[in-house]
Amino acid sequence: MRVPTIHLNGTSKEALLEQVVAAQAAVCAALHALREAWPNGRDYYPQGPGALREAEAEMNSRCARLDSVDRELGALALAIYEGGHGR
718 MRVPTIHLNG
728 TSKEALLEQV
738 VAAQAAVCAA
748 LHALREAWPN
758 GRDYYPQGPG
768 ALREAEAEMN
778 SRCARLDSVD
788 RELGALALAI
798 YEGGHGR
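Its first residue numbered 718, the sequence shown is counted upward by one per residue in this note's numbering.
Think of the hints as simulated: they come from the structure by calculation, not from any bench. Ideal Cβ positions, reconstructed from N, Cα and C, are used throughout, including at glycine. Some clues are possibly wrong.
[To be verified] Label-pair restraints from in silico Cβ distances:
(1) G800 to R759: 49 to 55 angstroms
(2) A743 to Y798: 38 to 44 angstroms
(3) A742 to Y762: 18 to 24 angstroms
[Claimed, not checked] Below are the SDA-like pairs computed for lysine to any residue, each with C-alpha atoms no more than 20 angstroms apart in a straight line:
(4) K730 to E773
(5) K730 to R719
(6) K730 to Q741
(7) K730 to A740
(8) K730 to R779
(9) K730 to G791
(10) K730 to A746
(11) K730 to A794
(12) K730 to A747
(13) K730 to L790
(14) K730 to L748
(15) K730 to E789
(16) K730 to L795
(17) K730 to G800
(18) K730 to C780
(19) K730 to E799
Model the full assembly from the supplied sequences, consistent with the hints where possible.
Written out as structure tokens, the structure reads:
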């Protein structure tokens, strides 16, 4: 992961952390909203026996992608907190 270098001519450590933490909070909010929209069997049974499983698999995939972004942002925030570096 490419981590910013903390130095006098760059963005302050505090500002970088604030930006990444805000982005992570937004991803967490999106993940929560996505989970609130979890497929309900009543909305899929007219489509046949496999429809709900397919919708759940698609939702799991969406959640996994957001979880991945959340973990990356957490790692980035930790790296910035620990001082930041070029790579």
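Checklist entry - Does the alpha-carbon distance linking K730 and R779 stay inside the 20 angstroms limit? => result At roughly 31 angstroms apart (the allowed maximum being 20 angstroms), R779 and K730 break the hint.
Checklist entry - Is K730 within 20 angstroms of E799, Cα to Cα? => result 10 angstroms, holds
Checklist entry - Is K730 within 20 angstroms of E789, Cα to Cα? => result 18 angstroms, holds
Checklist entry - Does the Cβ-Cβ separation between G800 and R759 fall within 49 to 55 angstroms? => result Hint holds: Cβ distance 52 angstroms, inside 49 to 55 angstroms.
Checklist entry - Straight-line Cα separation of K730 and Q741 no greater than 20 angstroms? => result 16 angstroms, holds
Checklist entry - Between K730 and C780, is the straight-line Cα distance small enough, at 20 angstroms or below? => result 30 angstroms, violated
Next on the checklist: Holds or violated: K730 and R719, Cα atoms, limit 20 angstroms.
Outcome noted: 15 angstroms, holds
Next on the checklist: Does A740 sit within 20 angstroms of K730, going by the straight-line distance between their CA atoms?
Outcome noted: The given pair, whose Cα atoms are some 15 angstroms apart, holds under the 20 angstroms limit.
Checklist entry - Is the straight-line distance between the alpha-carbon of K730 and that of A746 20 angstroms or less? => result 24 angstroms, violated
Checklist entry - Given the hint that K730 pairs with A747, does the C-alpha gap stay at or below 20 angstroms? => result 26 angstroms, violated
Checklist entry - Does the alpha-carbon distance linking K730 and L790 stay inside the 20 angstroms limit? => result Answer holds: K730 to L790 is near 15 angstroms, not above 20 angstroms.
Checklist entry - Holds or violated: 18 to 24 angstroms for the Cβ distance of A742 and Y762? => result Given a distance of about 36 angstroms, which is not inside 18 to 24 angstroms, the answer is violated.
Figure legend: structure checked against the earlier numbered hints; hints not met, in rising order: 2, 3, 4, 8, 10, 12, 14 and 18.
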